[in-house]
Amino acid sequence: MVNEDLNVIAEKEQAARKKIVIRCCMAAGCMSSKSEAVKKNLEQAVNEAELSDGVEVRGVGCMKLCCEGPLVSVDSQNALYEKVTPENALELVQTLKGGNTGIKRGDWNHPFFKKQMSIVLANSGEIDPERIEAYIAVEGYQALLTVLREMTPKQVVEEMVKSGLRGRGGAGFPTGIKWGTVAKTESAQKYVICNADEGDPGAFMDRSVLESDPHSVLEGMAIAAYAVGANQGFIYVRAEYPLAIKRLQTAIKQAKQLGLLGSSIFESPFNFNIDIRIGAGAFVCGEETALMASVEGKRGTPRPRPPFPAESGLWGCPTLINNVETFANVPPIYRKGAEWFASIGTEKSKGTKVFALAGKINNTGLIEVPMGTTLRQIVEEMGGGAPDGREIKAVQTGGPSGGCIPAQHLDTPVDYDSLMKLGSIMGSGGMIVMDDSTRMVDVARYFMEFCVDESCGKCVPCRAGTQQMLHLLEKILNRKATGHDLAKLEELCDMVRHTSLCGLGQTAPNPTLSTLRFFRKEYEELLQPEEFGRYENGEARALK
Amino acid sequence: MAAKTLTIDGTQVSAEEGATVLQVARDHGIEIPTLCHLEGVYDVGACRLCLVEVAGIAKLLPACTTKISEGMELKTNSERLQKYRRMTLELLFAERSHVCAVCVSNGHCELQTLAYSHGMEHVRYDYCFPKWKVDVTHRLFGMDHNRCILCARCVRVCWHIEGAGTKNVSGRGASANIINDLNQPWGQSDSCTECGKCVMSCPTGALFHKGSTVAEMVHDRDKLEFIVNAREKKQWIV
Ligand SMILES: Cc1cc2nc3c(=O)[nH]c(=O)nc-3n(C[C@H](O)[C@H](O)[C@H](O)COP(=O)(O)O)c2cc1C
Ligand code: SF4
Ligand code: SF4
Ligand code: FES
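First to last, the sequence lines map onto chains A and B. Counting from 1, one number per residue, gives the positions in the first sequence under our numbering. Counting from 545, one number per residue, gives the positions in the second sequence under our numbering.
Keep in mind the hints are simulated off the structure, nothing from the lab. It is possible that some hints are incorrect.
List time: in silico SDA-like cross-link candidates among lysine to any residue, alpha-carbon distance up to 20 Å [to be verified]:
id	chain 1	residue 1	chain 2	residue 2
1	B	Lys603	A	Lys298
2	B	Lys603	A	Glu491
3	A	Lys348	A	Glu381
4	B	Lys675	A	His471
5	A	Lys298	B	Asn721
6	A	Lys488	B	Gln626
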C-alpha cells in the first residue's frame, strides 16, 4: 500500500457515489428502535420504485439526535426524518418521486446541530462505518501516511505537544507530554492501549465513536504507536458494547488486508498490530492500572502509582494509554496541523469535546462542541431546556467522579479548569440535566450507591468508607439523621477522598461534596434536632 | 547503590536507593502502622494505614510502596494522619464482625493491637453485621470470613511463597471475599498443600488452626476422673 493505492481507492469510492444518498442511522441507539428493519425496508422500497441506479441507502453511524431515532436523512432534500418506522419507509422513498409524507421532519438549522463543531464526529452519521473504503474516501489513513513518510517520531510528539490536546478520559492530562514520556523510556517492547471501557452511567460518547468511525481510532493508535515506538496495541472494550466490538473487528480485519495495520505499514519499517480485549463491564477496569491487570488476565484491581504506565505498564513494559476520543482526535490533528487544532477552544483546553446529553432535557443525544461553550448554550439552546415547562436545576458532569453545577452557574464555559473550580470535572463526557423536581440528596445517594457497587474492594477507605457514606445518606433521606451524622458524612468525604488508592475512591465523595456545597439546605431540611438522635423504642421520631 | 538522604519527622537519615519509606523508617526506629504489609511478600498498598505526608506532593503516599528519593521530607505521624488512621480502623471494625472476646486471636491480633495503640475507644459508625460463613471443611484449618479484613496477605503468601495458588479474592466492594480455588469449600481444594502459611500470615483471627477456637476449648475433665479412679479404686479400665 502506497500513496497512489490510497488515492485509487478514494477515487473509486467517490466515482461510485450515487446521486442521492439516504442515510439511515445504524448505531446502537437507533438500532434498538428497529433502524435495521427501517434500512431493509428502505432498500426494498428503492428497488421496487426502480430508483436503485441513482439512490444509495447507506447505513451510517450516530446521527446525534438520539431521542428522535430512528433517524433517516435524504441529502437531495436536505431533510432529516425522525422516528421513522419500518412501516413508513415506503412512504419516505416515494417523496423522491414527488410523494408526500407525514413523517416528522427534523430541523438541521436547530442550534442542536448548528452549534456543533465536528472533529471527532466528522464522519459519524456520514460514512458507512463497516467499509474501510468509505473512510479512505474522506482522507482516512492520509495522516498516518504523512506521519510515516515525512516525520520522525520525535516530530510527531512535538506536533502533539503543540496541538495542546488533553486526554478525554477524564483527568485531562496533556497528551503530548504523555506520548513524550513513553517515547523517552528505553525498552525493546512497548504497548499502546485504547481505553474503551466507558463505565460512567449515562455516557455513550466512546461507544458512538467506535460504532460510527472505528478507523479513526485505529489510525490514531497507529500514529501514537509510531510516535512512542510501540508495535502492539490493545483496545479494551466492555462486553456490553457488542456492536462496537463487531465494528472494531471488521475494521481491524480490513485494515490488515490493505496493509494499514500489520508489518511494514505503507512499505515503511513500522509494524503495528491491534488486538481487542473484552472487559466484563466493571467500572473500575477503566482505571488504567486495573485495566492493564485485566488485559494481562489478572483480577482487575488498581495498584498504586508510581510507577506510571509510561514507565512500567503492561507486563512491566512502557505503555501508552489513551481514551477513545483522544485517539479519534489524532488523525485530524496531523491532517490539518497542530496550529489549526490549537486555534479551537480556550487557552488551556483545546479542540472540541463530545458530550452525551441526557436526563431532564428536550433534546437528548450526542453533541460535539468547541471547548469554552457555556453550559447554558448546551442545555438551553442545544438541548432545548427541560421538558414539561420545568426549570433546570443543575447539570451533572463527570458521572460518579464529578459534581452537580447549579443553574446559577450555567454561564460557566465548559473547559477543564472552569469545571474543576466548581467542584466538578470534565469527565469523559456524560452530561445529565436535572430539573426542579430533582432532590439533590437523592442524586448524591444514587452516585454513592454506584460507587459502593463498583468499588473493587481492595482498599479500606473506598470499600468500607463508601458503605458508611451511603448508609449516612440513606439515614438523612429517611429523616433519621441529626447534625452529628452530617458532620460524620463530611468527615468521611474528606478521609475517603484523601486516603483511597485509586481515582474511584478518591472521587467517590465528589457528588456528595458538590451537592453539599450548592444545596446544603436540602440536606439540613431533612435533619432532626440532636435530641431526636437518641432512639426511642428503637425509632427516631420523625419531625413531620 | 547510591545513598539517599531524607528527613523523616524532622530527623535526617540516609539509606540506600531503592528502599521503601517504610523500611527506612523502621530501620531508624520510627514506627508506621501497617496491616496489609508483610515482610517477605510484595506490597499492594491496600490498607492505607501507612500513608505518610511528603512535602511538595499533594497526595498522601503509602510508605510500604513508596521508594525513597533524595531530599524527601516526610511526616509520618501528623494529627491529620492519626485521625485518618483511627477512622480507617473504625471502618474496619464496623465493616465485619470483630468480637475480640470470643476470637482465637484475642491478645495477639494486629487489628486489635492497632486499635489500642491508636486510642480507638469506640466505633462511631453503625456496624454493618454482614452474614458471612465460617468454612471449617479443611482437615487442619478454618476460615471465619467475619473477621477478614481483606488485606490479601494470605493470597500473596499462598501464591508467592508456597506457590500453591489456592487462595484468591472473589467479588468486589463489600462482597469481596477470600476463596479457595474456584470458590470451593477449603476441604475440597485440590491445590491446597496444607502448608499452613496463610494461617501464619493472617493479621486477625480470620484464618486459624482447628482446635484453637473458643468453642473448641474443651477441658478434658474425664481424664482427671480416670486418674483419680485409678489411684483410689485401682480401677484401670473405664
Ligand atoms: C474509576 C475510574 C474509571 C475510569 N474509566 C475510564 C474509562 O471508562 N475510559 C477512559 O478513557 N478513562 C477512564 N479512566 C481514566 C483512565 O484511568 C486514564 O486516565 C485514561 O484512560 C487516560 O486516557 P487520556 O489521557 O486519553 O484521558 C478512569 C479512571 C478511574 C479512576
Ligand atoms: S479506591 Fe476503591 S476501586 Fe480504587 S483500589 Fe480502592 S477499593 Fe478499589
Ligand atoms: S483471611 Fe486473613 S490474611 Fe487473608 S485477607 Fe482475610 S484478614 Fe487478610
Ligand atoms: S501497609 Fe501500606 S497500605 Fe497497608
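Status of the hints after comparison with the structure:
1. For the suggested pair B:Lys603 and A:Lys298, the alpha carbons sit about 27 Å apart, so the restraint of at most 20 Å is broken.
2. Using a Cα cut-off of 20 Å, the hinted pair B:Lys603 and A:Glu491 holds, with the two alpha carbons roughly 17 Å apart.
3. For the hint pairing A:Lys348 with A:Glu381, the CA-to-CA distance comes to about 25 Å; that exceeds 20 Å, so the pair is violated.
4. For the given pair, B:Lys675 sits about 17 Å from A:His471 by alpha-carbon distance, which is consistent with the 20 Å threshold.
5. Between the alpha carbons of A:Lys298 and B:Asn721 the distance comes to roughly 16 Å, so the proposed pair stays at or under 20 Å and holds.
6. For a cut-off of 20 Å, the pair hint linking A:Lys488 to B:Gln626 stands: about 17 Å separates their Cα positions.
Hint compliance for this structure: hints 1, 3 are broken, all remaining hints hold.
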